[in-house]
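Trainee: What follows is each chain in one-letter form.
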Amino acid sequence: MNEYYFRTEDLAVGYNGQTLIHDIAISIKAGEILTLIGPNGSGKSTILKSITKHLSTIRGDSFIADASVSAMSYKELSRKLAVVLTERIRGELLTCYDVVATGRYPYTSTLGLLSKEDREKVYRAMERVHARELAEKDFAAISDGQRQRILLARAICQEPEIIVLDEPTSFLDIRHKLELLSILRSMAKEKGITVIMSLHEIDLAQKISDKILCVRGETIEHFGTPDEIFCEEIINGLYGIENGSYNITFGSVELPRPKGTPKTFVISGCGSGIDVFRRLQKEDIPFYAGILYENDVDYQVARHLASEVFAEEPFAPISDAVYEKALAAMKQCENVILAKVPIREQNRRIKDLIDTARSIGLLKEGGDTELLSGV
Amino acid sequence: MAKRDNLSGKPIRYLAVFIGLGAALILLTIWSINSGSVKISVADITRIILTGEGDEAQVNIVMKLRLPRILAAVLLGGGLALSGFLMQTFFGNPIAGPFVLGISSGSKLFVALTMIIALRFVSYVSSFMMILAAFAGALIAMGFVLLAARAIRQMSMLLVAGIMISYICSAITEFLITFAKDSDIVNLHSWSQGSFSGTKWADVRVFAIVILASFVFVFLLSKPISAYQMGESYAQSMGVNVKRFRVLLILLSSLIAGCVTAFAGPISFVGIAVPHLIKMLLKTAKPILVIPASFLGGGVFCLFCDYVARTAFAPVELSISTVTALFGAPVVIFMLISRHRARE
Chain G
9 MNEYYFRTED LAVGYNGQTL IHDIAISIKA GEILTLIGPN GSGKSTILKS ITKHLSTIRG
69 DSFIADASVS AMSYKELSRK LAVVLTERIR GELLTCYDVV ATGRYPYTST LGLLSKEDRE
129 KVYRAMERVH ARELAEKDFA AISDGQRQRI LLARAICQEP EIIVLDEPTS FLDIRHKLEL
189 LSILRSMAKE KGITVIMSLH EIDLAQKISD KILCVRGETI EHFGTPDEIF CEEIINGLYG
249 IENGSYNITF GSVELPRPKG TPKTFVISGC GSGIDVFRRL QKEDIPFYAG ILYENDVDYQ
309 VARHLASEVF AEEPFAPISD AVYEKALAAM KQCENVILAK VPIREQNRRI KDLIDTARSI
369 GLLKEGGDTE LLSGV
Chain A
175 MAKRDNLSGK PIRYLAVFIG LGAALILLTI WSINSGSVKI SVADITRIIL TGEGDEAQVN
235 IVMKLRLPRI LAAVLLGGGL ALSGFLMQTF FGNPIAGPFV LGISSGSKLF VALTMIIALR
295 FVSYVSSFMM ILAAFAGALI AMGFVLLAAR AIRQMSMLLV AGIMISYICS AITEFLITFA
355 KDSDIVNLHS WSQGSFSGTK WADVRVFAIV ILASFVFVFL LSKPISAYQM GESYAQSMGV
415 NVKRFRVLLI LLSSLIAGCV TAFAGPISFV GIAVPHLIKM LLKTAKPILV IPASFLGGGV
475 FCLFCDYVAR TAFAPVELSI STVTALFGAP VVIFMLISRH RARE
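Chains G and A, in that order, give the protein sequences.
In terms of my numbering, the first sequence is residues 9 to 383.
In terms of my numbering, the second sequence is residues 175 to 518.
None of these hints come from the bench; they were simulated from the model.
Keep in mind that the hints are not guaranteed to be accurate.
Stated by the list, open to error - With a Cα cut of at most 25 Å, we get these calculated DSS-like pairs of lysine-lysine: (1) A:K457 / G:K145; (2) G:K124 / G:K88; (3) G:K88 / A:K397; (4) A:K184 / G:K124; (5) G:K61 / A:K417; (6) G:K124 / A:K397.
Said to hold, decoys possible - To spell it out: a stretch of chain G is covered by chain A in this simulated footprint if at least three of its residues, at any positions, have a beta carbon under 8 Å from a beta carbon of chain A; those stretches are: (7) 50 to 62; (8) 87 to 95; (9) 98 to 110.
For glycine and all other residues, C-beta sits at the position ideal for the given N, C-alpha and C.
Can you build the whole structure from these sequences, using the hints too?
Mentor: Structure, rendered in structure tokens:
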């Protein structure tokens, strides 16, 4: 018995005999969540469809608990693997209960009649996704968020060991995204159900996944834990982000920094600069930021938005080198914006910077300086 | 949870629909046997059917003319509705059916061809040969429809392709009939317009077996059909071998449509209108209910239409398609409009 519950071996996928992506090697343990990320059209769905046997593989195979998926009959597979697809459900005159009940299909008799036990499982699955009250509603008339939950309930009541979901959070608002993902999370941890899905929201992918597969180009770019995958080079490279950037620490995206020679200098600290940076970015005004400690939240944003950040190592007194550089840059500017900044022993040279700015008439005095009074 | 034991259905409604259809079938049967140019009392008819005794002319009318014709209308009508339902399932399109897709016309062409050739060379056509020819014609027409469906993914274009195939087949059939020997024409012409008249017991035996066996088989496929209604991908994830199932659907729907055409000619709109009406009555599309109800409903609908065709302008008889179109087409138009509204 392999230690991995699900794995692929030398898998190559594509359409009509044309290879799209090859050498896909995935290995995950039972109860783990694997998320496929990558730009649109990179082949995430193609990989998922090949795993679920909706698409025949070009080469290689997938294995569920060491059993070859391609050798498995559809019936066998349906008892192990359930899906939530992007494809719309086509049926007519279906209630939500009916849709969820189709998950019992692999277990019912020749005519497909549900036993009492089956019906209870249908209700339990609906309760699991907090959709019990939708049972009698027309499936065609519910919202996108409700529909995804019903489809998930359908997959749950199929009692699979592994669930494959293709972009389950598309079209959902943030509340429903979080709700859906937390249901998946607890299913994986409590019931040991393995989850394979594709997500567009890389910030959520980072937080929910045990393993990440980066899909782009002909081979798999990266496969590993979120810690390994989520660094700026990999993410910016994966999505080819040039206009803007992805902030790993915050899991958020920033628009591109303003171009040109900065004529503005922002002095801030402890988060007071973020609003100023963003406003300048929106106005398309290039700026310098400093002097910031590298563990300051302002630093994380300034790094992506400022033309240059003058930064000092955490907890160290501001060094001459950094101070001189910042001072020189400030003297080139036409104005200095001062946001709230607490000044203490270690960073007292910021006060020198402010004093210089004031003496040469660059400082906009609109800024909050009460905090300075104690120094 | 104990509020209602079977939330998945509305058993009273379902029961009412089946009882209603059954009652309609019985009443229409009695009514149909009882009407015609020769009046026979109900008591006489009952005696004739049960014992086979009575006035010889009356026995002939009831046993050789009216009864086989009624059985043809009921069984072949049911078959049409069934075949329509299968095609709608296959294409995921509510207006697919053996007539609009040109399947009936394909069968018609092949049956006409077989009859003309057979009458010329062996002067004898067996029911079996007719079914075989009709089945072959249905499959070939279906093949063209599938080719068109593969090339154009739009559902409306599929129907246009079907209608074109239908016109081509009809044109060739008319051409053949024009140049056929005079003695054949009379038969061929009325048949090619669609009619239940002239059904013989020998025919009844053959199509009863084919249609009833197909019905049982289709009914046993309720479960995979219900999965397939959700869409191919979902059906497969439920464990259905979709490729094999699609072939099965094509073969069954073509066999049934072919069999009906072989004996009654092409009949319009039953295949679309009846399953739709049944779904509206049942308020569900579950195959396990829709299949038997459509079969019954198709029988009732055709029996009623045949009655109208026979009696409305007696002694002149209308072709059955004239009447089914009159009652069926408005249903289809209504369905299209209400679906369009629902989408907006």
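Trainee: Taking 8 Å as the C-beta cutoff, is the stated coverage of the segment 98 to 110 of chain G by chain A satisfied by three or more residues?
Mentor: Result for this restraint: holds, n = 10.
Trainee: Are the Cα positions of A:K184 and G:K124 separated by 25 Å at most?
Mentor: 16 Å, holds
Trainee: Taken at face value, is the distance from the CA of G:K145 to the CA of A:K457 at most 25 Å?
Mentor: 13 Å, holds
Trainee: Given the hinted pair G:K124 and G:K88, is their alpha-carbon gap at most 25 Å?
Mentor: 22 Å, holds
Trainee: For a C-alpha distance cap of 25 Å, please report whether G:K124 and A:K397 respect it.
Mentor: Holds: G:K124 and A:K397 sit about 18 Å apart, inside 25 Å.
Trainee: Tell me if the straight-line CA distance from G:K88 to A:K397 falls inside 25 Å.
Mentor: Holds, at roughly 20 Å.
Trainee: Is the coverage entry for the segment 87 to 95 of chain G by chain A consistent with the three-residue Cβ rule at 8 Å?
Mentor: holds (count 6)
Trainee: Does G:K61 pair with A:K417 here, judged by a C-alpha cut-off of 25 Å?
Mentor: Holds - the C-alpha atoms of A:K417 and G:K61 are around 13 Å apart, at most 25 Å.
Trainee: Within the segment 50 to 62 of chain G, is the number of residues with a Cβ closer than 8 Å to a Cβ of chain A three or more?
Mentor: That given contact holds, which follows from 3 residues of the segment 50 to 62 of chain G lying within Cβ reach (below 8 Å) of chain A.
The structure agrees with every numbered hint stated previously.
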